[in-house]
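Chains A, B, C and D, in that order, are what the protein sequence lines are.
So the first sequence is numbered by this note's numbering: it starts at 120 and just counts up by one.
So the second sequence is numbered by this note's numbering: it starts at 27 and just counts up by one.
So the third sequence is numbered by this note's numbering: it starts at 127 and just counts up by one.
So the fourth sequence is numbered by this note's numbering: it starts at 12 and just counts up by one.
Please keep in mind that the hints were generated in silico from the structure rather than gathered at the bench.
Glycine residues also receive a C-beta, built at the ideal position from the N, C-alpha and C atoms.
Where hints are given, some of them may not hold.
A short, non-exhaustive set of chain D residues, derived as facing chain C with CB atoms under 7 Å [what the hints assert, rightly or not]:
1) Asn15
2) Leu19
3) Asp23
4) Leu56
5) Pro60
6) Arg75
7) Glu88
Label-pair restraints from in silico Cβ distances [unchecked claim]:
8) A/Gly184 with D/Gly62: 49 to 55 Å
9) A/Ala150 with B/Gly399: 54 to 60 Å
10) A/Ile128 with D/Gly62: 35 to 41 Å
11) D/Ser105 with B/Arg639: 52 to 58 Å
In silico PhoX-like cross-links for lysine-lysine, where the CA-CA straight-line distance does not exceed 20 Å [to be verified]:
12) B/Lys525 with A/Lys139
13) A/Lys216 with A/Lys360
14) B/Lys793 with B/Lys771
15) A/Lys469 with A/Lys502
16) A/Lys519 with B/Lys793
17) A/Lys139 with B/Lys528
18) A/Lys385 with B/Lys75
19) D/Lys106 with B/Lys875
20) B/Lys161 with A/Lys216
21) B/Lys651 with B/Lys767
22) A/Lys136 with B/Lys508
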Amino acid sequence: MRYSGFRVIAEALTGHKGWKPAWRDPAPQAAYDYIIVGGGGHGLATAYYLAKEFKQARIAVLEKGWIGGGNVGRNTTIVRSNYLLDGNQPFYEFSMKLWEGLEQDFNYNAMVSQRGIINLFHTDAQRDAYTRRGNAMIMHGADAELLTKDQVRQMYPFLNFDNARFPIKGALAQRRGGTVRHDAVAWGYARGADMRGVDIIQNCEVLGMKIENGRVLGVETSRGFIGAKKVGVAVAGSSSKVMAHAGMRLPIESHVLQAFVSEGLKPLIDGVMTYGAGHFYVSQSDKGGLVFGGDIDGYNSYAQRGNLPVVEDVAEGGMSLMPMIGRARLLRMWGGIMDMSMDGSPIIDKTHIDGLYFNGGWCYGGFKATPASGFAFAHLLAKDTPHSTATAYRFDRFAKGLMIDEKGQGAQPNLH
Amino acid sequence: MSRITGGQIDRSKTLRFSFDGVAYAGHPGDTLASALLANGVRLMGRSFKYHRPRGVISAGSEEPNAIVELRSGARQEPNTRATVIELFDGLQAQSQNRWPSLKFDALAINDRLSPFFAAGFYYKTFMWPAAFWEKLYEPIIRRAAGLGSLSKQDDPDDYDKGFLHCDLLIIGAGPAGLSAALTAGRAGARVILADEDFRMGGRLNAETLEVGGGSGADWAAKAVLELAAMPNVRLMTRTTVIGAFDHGIYGAVERVSDHLAQPLPGKPRQILWRIYAARSILAAGAIERPIAFENNDRPGIMLAGALRAYANRWGVAVGDRVAVFTNNDDGLRTVADLKAKGLDVTLIDARQGDEVIDSAGRLGLKSITVRRGNGRTETLAVSALGVSGGWNPNLNIASNHRGRPVWSESLAAFLPPEGAIAGLSCAGAAAGAMSTHGALTTGADQAVQALASLGLTASTDLPQAEDAPVNLKAHWYVHSGKGRAWIDQQNDVTVKDVKLAKQENFVSVEHLKRYTTLGMATDQGKTGNILGLAVMAELTGKTIPETGTTIYRPPYTPVAMGVLGGRARGEDFKPTRHTPSHKWATEQGAVFVEVGYWLRTQWLPRAGETTWRQSVDREVLQTRKSVGICDVTTLGKIDIQGTDAGAFLDKVYANTFSTLGIGKTRYGLMLREDGMVMDDGTTARMGQNEYVMTTTTANAVPVFRHLEYCRQVLWPDMDVQLISTTEAWAQYSVAGPNARKLLEKLVDQDISDAAFPYMACGNITVKGTRARLFRISFSGELAYEIAVPTRYGDAMIRALVEAGRDFDAVVYGTEALGVMRVEKGHVAGNELNGQSSALNMGLGKMVSKKKDAIGMVLSQREGMVQPNGYRLVGVKPVDPAKALTAGAHFLAKGAEAVAVNDGGWLTSVVYSPHLGHSIGLGYLKGGDTRKGERLRVVNLLANTDVEVEIVSPHFFDPEGERLRG
Amino acid sequence: MANALKALTPLGHDAPVSETIGPVTITENVGVALASLASRLGREAEVATVAQAAGIPLPGPGRAETASYGAIWLGPEQWMIEAPFETHEDIVAVLKPLFGEAASITEQTDAWVRFDLTATDLPALFERLCGHDLRRNGTGSATRTVIEHLGCYVVRRAENQVSVIGPRSSARSLHHALITAAKSAF
Amino acid sequence: MIINHPLLGPRDSQEFVYLGDAALIRRPDGMADGALDKFIDYTYLRDNPAGQHRELWYHEQGDRSWLVVTRNTVSHEITAVELARDVARTEGRSK
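Please put together the full structure from these sequences, using the hints given.
Below you can see the structure in the form of structure tokens.
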């Protein structure tokens with residue numbers, strides 16, 4: 120069924136009797152052409168684009184729990200395409216363009232809201248780096264501006280311009296950046312995929328892979344064996360666990376990233392802001408909660424929870440940047456498991472096993488990448504060639520010395 | 027007047043306060059809620075979505091409805107629960123999320139339009155036309171959303187952080203917590219007893235139950251007195267344990283000053299305690315839950331236990347004609363206690379088939395409609411209704427580690443998961459022991475067991491107390507009518523919304539919560555979640571535990587950002603590191619710049635200089651002309667000793683050091699294992715087995731960590747010892763043609779070129795004071811770095827300046843330093859960006875392939891040795907009048923500014939007063955073979971496009987004759 | 127000797143600062159010379175013998191001791207040696223001849239700022255400063271920990287006396303943190 | 012978290028800096044044949060287990076010991092803490 124204002128009014132007047140399930144709960148079939156392992160944002164988007172853009176059929180998404188329960192359900196909802204390196208920027212800009220048309224495309228209001236993002240800088244070296252980055256963004260077709268301190272002050276007069284330990288000197292701005300209602304992204308893709316015949320199978324955990332003569336034949340699951348011509352894995356923090364079923368070790372570590380939301384407040388912060396002198400980024404949701412986060416806890420973890428030091432570190436950053444939030448209250452905190460890669464950039468690639476494809480290593484850039492990741496992965500699955508914006512996301516870049524290291528931290532995942 | 031007799035309030039004192047500008051009076055011991063109720067005020071807030079009139083439903087921190095803006099001005103606190111605000115004289119509170127007034131709220135129109143605002147409606151609309159979402163719909167939604175408001179002024183209060191240690195942390199000071207504390211305290215254990223309330227005793231303060239033959243409240247007071255006298259017990263009232271973290275670490279927030287008009291001088295508003303507990307007991311009691319029925323959200327309708335608490339603890343009758351709707355015996359206590367207070371009370375017992383099916387009263391309860399078991403319905407005029415659907419063990423913190431709560435049929439509630447948090451056990455109602463006797467017993471027993479596991483023995487001595495059964499018949503919501511029955515009152519989630527979620531297949535409890543916003547309000551669903559689960563269970567034909575559980579994340583109740591930040595704000599966000607010349611430079615009016623935690627002199631303006639460029643140009647020209655002095659103390663210094671020190675340096679540096687002679691210094695390049703450059707600096711050999719390594723200012727700490735890693739983890743049998751000496755020595759660079767002449771006036775030894783040649787180092791004395799001298803140069807001039815013990819650093823800069831007078835010596839800052847290093851083509855921070863190899867920097871030849879140094883192997887990967895890779899180049903504008911900008915990108919003439927044409931970027935740019943124009947360093951694809959080429963550097967952020975020539979990075983004295991002079 | 131350079135205290139004054147807040151007195155101490163002493167690999171026994179003869183205690187992990195010299199355990203086989211600045215300004219020159227090539231010795235005197243705190247209830251102050259539990263760590267305990275982002279040694283000299291030894295360049299930040307905590311705690 | 016330091020007893024993990032999998036102890040010989048491939052695996056590939064994990068922590072705000080901590084990455088429970096130098100020696104590392 121198609122969603123629209125008229126439908127909402129019609130249903131309201133008739134007691135909402137007509138609404139259909141947003142997606143079915145089908146039993147798994149014996150075999151599919153495509154199995155996408157992982158019912159998160161990336162997996163659902165992959166299935167959606169496989170069906171819609173690449174006209175493929177007999178597609179299933181296998182989710183060990185409930186769809187959208189991974190990082191798409193536990194992030195700070197920021198979208199942006201303000202990357203530096205050639206390997207990344209075209210991909211994230213492609214993602215931004217998909218965000219811009221997403222709601223009309225899948226007929227679901229994911230509240231894509233381009234209220235702008237600014238990255239504050241506090242030193243000349245940061246300014247130089249942002250100048251380099253802003254130019255790279257524009258050369259890749261994105262938008263970027265360098266804001267003066269006064270321009271920042273006009274936008275957010277309540278920031279600490281008086282006695283800051285690291286004074287604000289300006290900011291790199293991307294007006295097209297913003298936020299998206301994260302859960303709605305998973306639900307919108309799920310509904311769109313389901314409408315196109317994709318079987319979304321929840322509570323179906325992959326426990327093994329059937330591989331013969333270097334070719335994948337299907338997956339063993341908690342609901343029995345399911346055959347497949349091609350298997351695409353998009354399980355973020357569980358990447359190493361799932362790919363171990365295929366005997367693979369990955370250039371990935373799993374780390375916990377905490378995020379936070381405050382009680383609902385009347386409008387304070389229109390756009391997205393990142394602090395350049397501490398670990399703190401923030402936006403305000405349409406419901407009024409300040410949604411903010413910081414750095415990962417820093418140790419390997421599969422527990423969806425973190426510890427106090429990072430909570431305090433984030434709050435210290437927030438209080439230093441905007442001392443007016445002292446009396447706002449932190450309502451809820453949660454943790455997501457990040458697939459931190461060795462150079463801070465993702466992998467969308469075939470494996471050495473025929474029919475087995477991998478999508479992961481998103482670190483904490485995964486949410487903003489959702490549409491392009493799904494599109495590019497679907498492209499790879501359907502055509503066996505990488506999408507033009509994702510050609511650098513190869514497994515062998517480490518062997519070849521072609522790392523995509525935005526932060527310049529080297530092979531230490533918890534620093535990316 | 028609804029004050030009645032009794033209660034734990036001090037009627038001898040009167041406290042004045044105001045709500046929405048109206049003046050009222052209360053007493054010490056009151057909360058804002060009890061005081062307002064005592065003044066006959068039932069309407070205290072509006073709900074989030076439908077702006078329904080709301081009053082208190084609880085007497086504790088689980089309150090979803092009565093949330094207000096407390097205080098005014100910079101101290102305004104939005105969303106504060108009236109039920110936990112301790113009354114103080116002069117308290118001001120305002121209602122929130124309403125306009126123009128609480129009684130008349132324009133957005134109450136949403137309530138009439140509620141059919142259009144069903145769960146998730148916004149996901150289905152506002153999509154057409156595309157542009158309207160952001161331009162029209164969303165701005166309206168954003169303005170309407172949110173609850174209270176911040177002042178947008180800096181928080182004027184201070185916050186502390188602290189650390190506490192104990193054998194046993196007891197969370198909650200009700201009968202179970204007090205019993206546990208007495209047991210453990212008497213046994214001599216280190217005990218912390220924390221309670222969010224300002225009075226310990228928990229429910230005992232709200233009940234008329236007897237303990238040990240006297241009133242429960244009196245027993246609690248006596249217990250507190252006994253505990254207060256124990257040096258091994260720390261009693262913490264007004265302290266909320268916010269969460270359980272790993273390995274027995276608990277977060278707790280103590281509200282030191284929130285019960286005062288404002289904090290006392292020097293005292294914090296709140297303290298965040300990090301509690302290290304060997305064992306802990308959760309004795310947080312239970313939280314009552316309502317039964318949902320049509321219009322069950324009117325002011326005057328509250329939890330039966332709260333109604334009783336207001337009467338017993340605060341001497342407040344919420345109404346004179348009262349009804350109680352219950353499905354368990356606890357509701358009968360409310361009936362009995364209120365009757366004893368002389369009130370007219372009607373019982374509606376769901377177990378007899380009686381139900382409340384509707385209520386009336388726009389701004390406050392006027393009447394309820396009751397359907398008796400025999401089907402007859404009647405309307406009762408009441409101003410207060412107490413509802414009890416049973417009590418949920420308050421297991422919140424026990425599920426912080428995501429352990430699954432366990433369903434209890436007899437209580438129709440979830441019990442805390444056993445052993446889900448190492449070292450934590452549960453007692454009292456939190457563990458499902460609902461009687462006073464059960465609380466006292468389990469509290470004591472858990473304490474005995476906890477201590478036993480620590481090797482301590484304790485005995486129990488329990489007072490007699492009631493042990494009545496619960497007698498509950500699960501009843502979640504009333505099946506009746508077409509109206510709305512509220513489950514999550516603050517977020518306006520009704521039974522209908524849950525039904526819609528089911529209909530649209532949002533049946534997983536996580537989908538239900540996210541789709542309907544059930545449990546997402548400021549109370550985190552403490553009273554409502556279980557109802558939502560129960561309704562979904564009924565709709566899906568599953569049991570409640572099959573449908574799902576509700577686990578809680580920290581914090582237990584919302585926590586002020588300020589207290590999580592503590593003292594680290596403003597200038598105290600991070601420590602400040604001062605250089606030895608700071609005092610002198612301040613006297614000179616120096617301009618300082620943050621370099622990491624350091625404050626360094628950026629430049630030193632002189633009288634008449636109006637722009638920074640004038641100062642910097644002078645500093646550079648005078649240094650190259652005569653001599654300049656610069657504080658370089660911030661560079662990292664690491665003392666490396668041991669018989670394997672030289673071999674060790676060969677491992678950590680890409681180039682060779684074991685061949686370095688004693689008394690000599692060498693430039694070293696340090697790689698990461700992935701072949702990129704980690705850091706660079708000079709290392710001096712001071713003795714046979716003694717080296718001093720210098721690092722960049724930024725990498726001093728990471729390099730030291732890396733060296734310890736190499737020494738302990740990779741090569742554990744190397745005889746190498748390390749210690750940082752960065753702060754032990756005040757080090758100054760003296761550079762320029764007259765550098766030696768200047769130093770000769772201070773140094774007691776012969777430092778002629780013969781005695782102290784280029785790259786020499788050694789121990790010397792400065793007018794008798796121990797010092798070190800290194801003949802190294804970053805500026806390209808004849809230069810030395812001289813170091814004295816830091817305490818003499820201030821005297822040293824003064825001595826250098828004094829000795830420099832004859833040469834018009836200047837002191838230069840980081841800007842001039844930067845100019846001179848770019849003129850010499852030395853790499854620094856902007857080039858050492860972690861993305862660059864030695865080859866990129868034009869230092870490829872320094873990487874020795876003859877030894878196994880860190881990073882050597884991977885630096886040879888094909889992608890890192892491409893001939894067309896980035897190479898460091900010098901850049902100068904073809905038109906000297908044109909300025910360059912760092913971060914601008916290289917483009918060929920006529921090439922479009924698109925990524926495929928991107929040739930690289932300018933890393934560092936300075937104005938060279940020596941050359942009279944802007945110069946830069948940059949990374950250019952294939953740059954090593956492109957000298958003499960003409961390109962453009964384009965900065966699209968400022969729309970500049972400058973033609974440049976690619977030159978050698980060595981702009982100044984390329985042969986390096988000056989530094990050997 | 128003549129024209130010798132004049133010393134400044136870590137707080138940037140000519141003489142040490144002492145301040146009393148309620149029951150706490152916080153005093154800058156510049157009278158102690160410091161050197162790190164680390165055994166060379168395989169020569170631990172030799173170092174122990176020499177140290178004993180010279181009256182240099184070599185306390186175990188987490189401890190500090192005083193004999194002719196004072197000493198604080200820094201890490202495995204590494205100690206911070208304390209001696210009066212008056213007599214041992216060039217402390218390395220004094221120690222090196224004793225240990226020769228058996229140990230690595232490095233001057234540390236001016237790498238640190240030392241504040242001596244006295245109070246009747248020091249634990250009540252330190253529970254606002256760091257996670258080091260003074261209620262459990264009595265006289266002779268010595269450890270490095272974090273105070274307001276600064277790595278500091280906390281040395282329990284006596285029931286009522288603790289030395290906080292922190293990075294010299296951050297002396298003012300550390301002093302500010304100690305003063306603030308004292309005002310808050312008492 | 013609390014790390015039970017073999018020399019100093021229980022310490023808040025906030026005093027430590029985390030590096031990663033203790034397999035990093037087994038650094039290949041850069042001069043041996045096939046060093047390149049060995050270094051690529053060593054530097055970039057990880058087991059990343061959900062469960063027992065031996066990992067390197069550095070007591071930066073303490074005694075500057077590198078430790079090998081055996082920790083469960085699902086429960087965060089720590090079952091062993093050793094000095095990395097001792098572990099390295101038992102794994103055959105020397106000079």
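Hints and how they fare:
1. Asn15: violated, 13 Å
2. Leu19: holds, 5 Å
3. Asp23: Holds, about 5 Å.
4. Leu56: violated, 32 Å
5. Pro60: Because about 29 Å separates D/Pro60 from the closest Cβ in chain C, which is outside the 7 Å limit, the hint is violated.
6. Arg75: holds, 5 Å
7. Glu88: Violated, about 21 Å.
8. A/Gly184 with D/Gly62: 49 to 55 Å: The hinted range 49 to 55 Å is violated for A/Gly184 and D/Gly62, with Cβ atoms some 19 Å apart.
9. A/Ala150 with B/Gly399: 54 to 60 Å: The hint (54 to 60 Å, Cβ to Cβ) holds, given that A/Ala150 and B/Gly399 are roughly 57 Å apart.
10. A/Ile128 with D/Gly62: 35 to 41 Å: Between A/Ile128 and D/Gly62, where Cβ atoms are some 53 Å apart, the hint is violated.
11. D/Ser105 with B/Arg639: 52 to 58 Å: Since the Cβ atoms of D/Ser105 and B/Arg639 sit about 56 Å apart, the hinted range of 52 to 58 Å holds.
12. B/Lys525 with A/Lys139: Given pair B/Lys525, A/Lys139 holds - Cα atoms ~12 Å apart, limit 20 Å.
13. A/Lys216 with A/Lys360: violated, 32 Å
14. B/Lys793 with B/Lys771: Given pair B/Lys793, B/Lys771 holds - Cα atoms ~9 Å apart, limit 20 Å.
15. A/Lys469 with A/Lys502: holds, 11 Å
16. A/Lys519 with B/Lys793: Violated: A/Lys519 and B/Lys793 sit about 57 Å apart, past 20 Å.
17. A/Lys139 with B/Lys528: holds, 10 Å
18. A/Lys385 with B/Lys75: holds, 14 Å
19. D/Lys106 with B/Lys875: Status holds; Cα separation ~19 Å.
20. B/Lys161 with A/Lys216: holds, 18 Å
21. B/Lys651 with B/Lys767: The given pair, whose Cα atoms are some 13 Å apart, holds under the 20 Å limit.
22. A/Lys136 with B/Lys508: Satisfied, since the Cα-Cα distance of roughly 14 Å is no more than 20 Å.
The structure does not agree with the numbered hints 1, 4, 5, 7, 8, 10, 13 and 16 stated previously, though it agrees with the rest.
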